[in-house]
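All chains should be modelled from the sequences, with the hints used to inform the complete structure.
These protein sequences, in sequence, are chains A and B. Residues 0 to 356 in numbering that gives the first Met the number 0 are what the first sequence lists, from first letter to last. Residues 0 to 645 in numbering that gives the first Met the number 0 are what the second sequence lists, from first letter to last.
Keep in mind that the hints were calculated from the coordinates and are not lab data. Incorrect hints may have been included.
[Stated by the list, open to error] Which residues of chain A face chain B? A partial, calculated answer using Cβ under 8 Å:
{"hint": "1", "residue": "VAL64"}
{"hint": "2", "residue": "GLY97"}
{"hint": "3", "residue": "ARG102"}
{"hint": "4", "residue": "ASP104"}
{"hint": "5", "residue": "ASP349"}
{"hint": "6", "residue": "THR352"}
[As the list claims (entries may be wrong)] Computed Cβ-Cβ distance ranges for the label pairs, DEER-style:
{"hint": "7", "chain 1": "A", "residue 1": "GLY247", "chain 2": "B", "residue 2": "LYS205", "range": "48 to 54 Å"}
{"hint": "8", "chain 1": "B", "residue 1": "SER451", "chain 2": "A", "residue 2": "THR164", "range": "43 to 49 Å"}
{"hint": "9", "chain 1": "B", "residue 1": "VAL503", "chain 2": "A", "residue 2": "GLY266", "range": "56 to 62 Å"}
{"hint": "10", "chain 1": "B", "residue 1": "GLU482", "chain 2": "A", "residue 2": "VAL34", "range": "17 to 23 Å"}
All residues carry an ideal CB built from backbone N, CA and C; glycine is no exception.
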Amino acid sequence: MTTVDLGLPVRGGLDLVPTAEDVQKAKDYASDQEVRWCPGCGDYAVLAAVRSFLPTLSIKRENTVFVSGIGCSSRFPYYLDTYGMHSIHGRAPAIATGLAVSRPDLSVFVVTGDGDALSIGGNHLIHALRRNVNMTILLFNNRIYGLTKGQYSPTSEVGKVTKSTPMGSLDHPFNPVSLALGAEATFVGRAMDSDRAGLTAVLEAAAKHRGASLVEIYQDCPIFNDGSFDVLRKPDESESRVIQVTHGQPITFGTDGRWAVVRRGFGLAVAPIAEVDPADVVVHDATDHELAFALSRLSDQALDHAVFGVLRQVQRPTYDDLTRAQVEQAVTAADAAGGPDLHGLLHGADTWTIAGR
Amino acid sequence: MDNPVDAALPPRPAGARTVEQRNRVVIRFAGDSGDGMQLTGDRFTSAAAAFGNDLATMPDFPAEIRAPHGTLAGVSSFQLHFADYDILTPGDRPDVLVAMNPAALKANLRDLPAGGALIVDTDEFTKRNLTKVGYAEDPLAEGALSSYTVHRVPMTSLTTAALESLGIGKKDAERSKNMFALGLLSWMYSRPTEGTERWLRDKFAKRPEIAEANVVAFRTGHAYGETTESFAVTYEVAPAALPDGTYRQITGNTALAYGIVTAGQQSGLPVFLGSYPITPASDILHELSRLKRFGVTTFQAEDEIAGIGAALGAAYGGAIGVTTTSGPGLALKSEAIGLAVMTELPLLIVDVQRGGPSTGLPTKTEQSDLLQAMFGRNGEAPVPVVAPRSPADAFDAAVDAVRIALAYRTPVLLLSDGAIANGSEPWRVPEDDELPDLGVEFATEPNGPDGSFLPYARDPETLARPWAVPGTPGLAHRIGGLEKADGTGNISYDSANHEFMVRVRQARIDGIAVPDLEVDDPTGDADVLVLGWGSTYGPIGAAARRLRTAGHRVAQAHVRHLNPLPANTEAVLRSYRQVIVPEMNLGQLAFLLQGRYCIPVTSITKVAGLPFGAEELADRLAAHLVAPPLQNPPLQDTDQKEEVPA
Numbered sequence: 000m001t002t003v004d005l006g007l008p009v010r011g012g013l014d015l016v017p018t019a020e021d022v023q024k025a026k027d028y029a030s031d032q033e034v035r036w037c038p039g040c041g042d043y044a045v046l047a048a049v050r051s052f053l054p055t056l057s058i059k060r061e062n063t064v065f066v067s068g069i070g071c072s073s074r075f076p077y078y079l080d081t082y083g084m085h086s087i088h089g090r091a092p093a094i095a096t097g098l099a100v101s102r103p104d105l106s107v108f109v110v111t112g113d114g115d116a117l118s119i120g121g122n123h124l125i126h127a128l129r130r131n132v133n134m135t136i137l138l139f140n141n142r143i144y145g146l147t148k149g150q151y152s153p154t155s156e157v158g159k160v161t162k163s164t165p166m167g168s169l170d171h172p173f174n175p176v177s178l179a180l181g182a183e184a185t186f187v188g189r190a191m192d193s194d195r196a197g198l199t200a201v202l203e204a205a206a207k208h209r210g211a212s213l214v215e216i217y218q219d220c221p222i223f224n225d226g227s228f229d230v231l232r233k234p235d236e237s238e239s240r241v242i243q244v245t246h247g248q249p250i251t252f253g254t255d256g257r258w259a260v261v262r263r264g265f266g267l268a269v270a271p272i273a274e275v276d277p278a279d280v281v282v283h284d285a286t287d288h289e290l291a292f293a294l295s296r297l298s299d300q301a302l303d304h305a306v307f308g309v310l311r312q313v314q315r316p317t318y319d320d321l322t323r324a325q326v327e328q329a330v331t332a333a334d335a336a337g338g339p340d341l342h343g344l345l346h347g348a349d350t351w352t353i354a355g356r
Numbered sequence: 000m001d002n003p004v005d006a007a008l009p010p011r012p013a014g015a016r017t018v019e020q021r022n023r024v025v026i027r028f029a030g031d032s033g034d035g036m037q038l039t040g041d042r043f044t045s046a047a048a049a050f051g052n053d054l055a056t057m058p059d060f061p062a063e064i065r066a067p068h069g070t071l072a073g074v075s076s077f078q079l080h081f082a083d084y085d086i087l088t089p090g091d092r093p094d095v096l097v098a099m100n101p102a103a104l105k106a107n108l109r110d111l112p113a114g115g116a117l118i119v120d121t122d123e124f125t126k127r128n129l130t131k132v133g134y135a136e137d138p139l140a141e142g143a144l145s146s147y148t149v150h151r152v153p154m155t156s157l158t159t160a161a162l163e164s165l166g167i168g169k170k171d172a173e174r175s176k177n178m179f180a181l182g183l184l185s186w187m188y189s190r191p192t193e194g195t196e197r198w199l200r201d202k203f204a205k206r207p208e209i210a211e212a213n214v215v216a217f218r219t220g221h222a223y224g225e226t227t228e229s230f231a232v233t234y235e236v237a238p239a240a241l242p243d244g245t246y247r248q249i250t251g252n253t254a255l256a257y258g259i260v261t262a263g264q265q266s267g268l269p270v271f272l273g274s275y276p277i278t279p280a281s282d283i284l285h286e287l288s289r290l291k292r293f294g295v296t297t298f299q300a301e302d303e304i305a306g307i308g309a310a311l312g313a314a315y316g317g318a319i320g321v322t323t324t325s326g327p328g329l330a331l332k333s334e335a336i337g338l339a340v341m342t343e344l345p346l347l348i349v350d351v352q353r354g355g356p357s358t359g360l361p362t363k364t365e366q367s368d369l370l371q372a373m374f375g376r377n378g379e380a381p382v383p384v385v386a387p388r389s390p391a392d393a394f395d396a397a398v399d400a401v402r403i404a405l406a407y408r409t410p411v412l413l414l415s416d417g418a419i420a421n422g423s424e425p426w427r428v429p430e431d432d433e434l435p436d437l438g439v440e441f442a443t444e445p446n447g448p449d450g451s452f453l454p455y456a457r458d459p460e461t462l463a464r465p466w467a468v469p470g471t472p473g474l475a476h477r478i479g480g481l482e483k484a485d486g487t488g489n490i491s492y493d494s495a496n497h498e499f500m501v502r503v504r505q506a507r508i509d510g511i512a513v514p515d516l517e518v519d520d521p522t523g524d525a526d527v528l529v530l531g532w533g534s535t536y537g538p539i540g541a542a543a544r545r546l547r548t549a550g551h552r553v554a555q556a557h558v559r560h561l562n563p564l565p566a567n568t569e570a571v572l573r574s575y576r577q578v579i580v581p582e583m584n585l586g587q588l589a590f591l592l593q594g595r596y597c598i599p600v601t602s603i604t605k606v607a608g609l610p611f612g613a614e615e616l617a618d619r620l621a622a623h624l625v626a627p628p629l630q631n632p633p634l635q636d637t638d639q640k641e642e643v644p645a
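The following block contains the structure:
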């Protein structure tokens with residue numbers, strides 16, 4: 000097989016999207032539809048964060064598209080006054096791929112959940128990530144099936160008792176960040192629904208990243224999985240668990256940086272800062288694939304630790320840019336020769352003519 | 000010509016050659032999957048096309064890429080029917096069978112009629128090869144094939160001997176034996192040779208020594224016919240008197256791909272194909288992948304669902320979304336087709352039908368996806384269904400399917416099949432001004448009260464909704480799979496609204512403008528109608544000609560638009576005493592017609608993975624005809640001589 004280097008320029012995620020002429024506000028992005036999530040649902044917080052962060056991108060509202068699958072979170076597009084498609088279960092990344100490839104002038108978002116993205120749509124998720132299609136995927140992870148009323152999901156803990164697992168779930172859960180990294184994602188981040196600042200920062204970086212960005216958002220389902228992330232929210236418990244990473248910064252956390260992340264074997268471990276040589280504290284490098292993966296392994300189903308922020312961000316040509324470049328190359332060559340010749344195509348090389356019979 | 004064989008064999012005495020005229024000839028090349036039979040057949044076809052014959056072809060090959068060498072499972076064949084008048088089918092039985100090995104002989108001999116010509120490569124009839132296919136005795140032994148004209152030709156050794164001086168490897172030399180066979184047949188049927196030699200040199204331009212080997216093998220076969228006593232007769236088939244125009248040879252898959260490209264050009268919209276490879280549809284993906292210069296984007300998706308999903312996403316963005324597949328893939332796409340029905344976006348879904356159910360017969364033909372195409376979705380999800388009737392017709396059918404999709408904002412199912420996909424025939428290439436204008440207008444302005452946009456407001460004539468693509472200011476809206484409120488498109492669980500929306504979606508499809516059914520009834524007094532759809536067109540037409548020649552009064556009609564059916568369908572059916580529907584399934588169109596019109600229909604079915612033969616179908620139709628033939632058969636025009644042995 001031969002490979003061709005198309006020599007594309009390095010671009011940002013929004014570089015081909017037209018910019019807005021007016022200053023936009025969060026309320027400009029609110030549609031006229033009544034929001035119908037349950038009281039206390041974490042989706043409200045995410046919606047509010049998204050509505051307020053979208054204007055800061057300074058792109059035209061009509062060039063923003065939200066595509067979703069099926070599930071509670073997938074109702075998201077109805078509540079934004081942008082273009083949107085509430086599609087079918089698991090298929091949003093596939094639909095968004097076709098849209099992103101054919102329309103470079105759009106900022107394409109996918110809204111999905113742990114069931115939608117990781118169970119029924121797992122195949123589309125990994126392929127969108129590996130192809131690096133320019134889209135931003137918001138994966139709402141509440142570790143439960145909400146819209147079907149409380150069955151376990153692919154991120155539920157082993158042993159979880161639900162309607163479909165009265166004796167406890169037997170399924171080993173996915174770690175969505177590890178999965179995305181394994182699928183060659185060029186941007187992987189994580190945020191908490193209630194952390195407006197942290198969520199906004201990760202979403203903004205994701206939207207401006209050229210390529211497929213996956214943002215896992217921990218989000219509470221108060222009806223079927225209430226308080227599932229409380230250990231990461233309550234100050235006394237979260238202090239020793241929440242690890243916020245910033246590119247170029249040493250990874251320490253807790254009050255006054257009481258804990259640090261250090262190397263151990265091929266992976267990472269958490270140690271009290273007092274017991275660590277400062278030179279051994281790991282400095283976050285979002286371009287380091289192995290480090291990102293090791294960081295993802297610090298998060299486990301018991302939530303003893305959870306890493307937030309941008310875990311990985313690297314540049315790799317996007318599938319949509321490359322696809323368009325090939326088409327443009329062919330069109331340009333044809334134009335130079337007088338335009339694509341439909342007449343010539345249909346006639347081909349060997350014709351014969353019958354006349355006057 | 001100068002090649003080793005010319006030098007080795009003495010020239011035939013002048014005047015010893017007999018030339019006979021034939022109206023039509025059927026040749027079947029059969030050999031091992033690796034013997035290049037498809038290539039040989041294709042090339043003979045191109046030569047016949049360039050010569051101006053009418054023709055129809057039927058490739059038949061196993062699903063395995065290289066089944067074990069020399070086995071029955073590995074036999075690949077290519078049948079070509081060419082004639083000096085308009086023919087309709089690839090022919091029932093060959094006049095000439097070329098068998099490159101014992102397996103090819105065993106698998107195909109039963110189709111060769113008594114008196115037929117058999118050409119075998121005797122080098123391959125070794126004890127080992129005979130044993131492989133269960134021949135206890137040598138089938139070529141004297142007297143064993145006395146009802147045929149047998150030509151025993153050591154093709155492999157003649158080829159390798161002729162190529163010895165070229166210094167190429169033994170394997171490459173042996174692989175050229177198919178060109179020997181082509182050369183021999185080209186001589187027998189007085190075919191021009193320059194085109195084939197030019198084609199070989201082009202094809203192997205990067206390996207001139209292989210090109211030379213093939214040309215020499217081709218010439219050697221040709222010279223062998225000319226100089227060997229066994230081939231005392233050559234045949235000529237004059238060019239056919241087809242309607243005026245410029246013609247080329249084309250396969251169904253290529254014609255279909257060209258139809259899609261043409262629809263893109265005529266609409267001014269980019270084409271986006273999302274597809275997952277599947278036999279026998281993959282060639283459409285291959286063809287379109289090479290046509291990027293026409294603004295065609297092809298996306299080889301991770302699965303069938305992603306293929307249609309991406310196509311639908313592109314359609315939402317304003318492209319002509321296309322997905323191509325075969326039966327099992329169509330099953331996987333069902334839910335996404337339902338979404339396209341609900342979101343009322345244009346989309347072309349191509350199903351190149353093959354034998355089913357499940358994986359079925361990937362390389363064989365069938366028409367058994369009709370009801371899946373019609374009804375294979377949850378809920379009331381009507382989809383227009385269009386079916387080409389022949390390889391060349393796949394072009395027009397594809398253009399028409401896109402026309403419907405764009406004009407009515409609906410997914411459209413195009414039902415081709417394996418026989419159409421891989422078969423070929425002459426195609427009268429449309430003149431530039433014959434191509435339809437498929438221009439569409441995207442919505443650009445609000446259409447509701449107070450500057451609002453109603454994505455589900457409808458065109459009063461077509462009931463199509465506006466196509467408002469992302470990026471259009473002021474028209475931002477949300478669509479999806481949940482039931483929509485009429486007009487606004489907002490989520491609605493209202494029962495009256497649902498009832499209305501289900502009925503309006505149905506009415507939109509029912510109201511699609513399609514041409515009336517045309518009936519072919521040469522005598523004008525037939526009381527039996529033979530009605531078909533898809534690739535049975537050729538066999539039905541050929542069988543009808545036979546029946547008419549035998550004095551039966553038979554009318555023929557062919558349905559291109561299966562949904563909605565032409566408005567005059569019921570009236571046509573009711574005007575005949577008997578309606579017979581031959582299909583390559585267990586009676587799916589017959590079921591549809593009887594359910595819709597409560598008219599009794601006689602169903603003739605075949606599910607053998609192969610098309611109906613003309614004689615076979617004529618016999619089966621005759622057995623169903625209630626009225627006796629007319630005493631005095633009507634005068635026949637040239638149209639009527641089809642399939643009647645020349």
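Verification of the supplied hints:
no.: 1; hint: VAL64; verdict: 5 Å, holds
no.: 2; hint: GLY97; verdict: 3 Å, holds
no.: 3; hint: ARG102; verdict: 4 Å, holds
no.: 4; hint: ASP104; verdict: 6 Å, holds
no.: 5; hint: ASP349; verdict: 5 Å, holds
no.: 6; hint: THR352; verdict: 5 Å, holds
no.: 7; hint: A/GLY247 <-> B/LYS205: 48 to 54 Å; verdict: 52 Å, holds
no.: 8; hint: B/SER451 <-> A/THR164: 43 to 49 Å; verdict: 47 Å, holds
no.: 9; hint: B/VAL503 <-> A/GLY266: 56 to 62 Å; verdict: 60 Å, holds
no.: 10; hint: B/GLU482 <-> A/VAL34: 17 to 23 Å; verdict: 19 Å, holds
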